[in-house]
Amino acid sequence: MNAEIQRTENKTQIPIDEKIYQWRKESRKIIKDEYGLYFYEGMTPSEKIEWIENEIENIKEKIKFLNKQEKENLNKRDIDYDYNYIEKFSPQIKPDMTIKDFQERNKKYIKDFREAERTSIKNYKNEYETEIKKYK
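The sequence shown begins at 1 in my numbering and counts up by one.
Any given hint could be a false lead.
[To be verified] Label pairs and their computed distance ranges (CB to CB):
1) Ile63 <-> Lys107: 31 to 39 Å
2) Lys108 <-> Ile63: 53 to 61 Å
3) Pro45 <-> Lys100: 32 to 40 Å
4) Asn126 <-> Asn106: 24 to 32 Å
5) Ile110 <-> Asn67: 15 to 23 Å
6) Asn123 <-> Phe65: 43 to 51 Å
These are calculated hints, taken from the structure and not from any lab test.
Glycine included, every Cβ here is placed at the ideal spot set by N, Cα and C.
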């Protein structure tokens, strides 16, 4: 039966958004049905279904947008934290770097840090060995 309703309505169908806009302009009354849902007075069952589907789509779009914003905010927080942390050691990093540039700079920083660590360990070893030789 739904398929029949859709086929007959598709010929002269007005989008539900336009209908809702028109009803708002007319100041139609909003009523609560037996299931606790709110609709404009005089809506047909098919219009109610369209409106529900439209509202679901709108909510899904809002959720997508919020998920995207949340993801961007989480990424931004991590990057900002890393900027602040590394800025102490490497002030030449620019705050408007892309993630790829930042990752490459990070790799170089980590490589340089490990290299410095190795050479300092090597130097300490040499110092300790020369001290041992003095005592022999």
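Evaluation of the provided hints:
no., hint, in the structure
1, Ile63 <-> Lys107: 31 to 39 Å, "36 Å, holds"
2, Lys108 <-> Ile63: 53 to 61 Å, "39 Å, violated"
3, Pro45 <-> Lys100: 32 to 40 Å, "54 Å, violated"
4, Asn126 <-> Asn106: 24 to 32 Å, "31 Å, holds"
5, Ile110 <-> Asn67: 15 to 23 Å, "31 Å, violated"
6, Asn123 <-> Phe65: 43 to 51 Å, "55 Å, violated"
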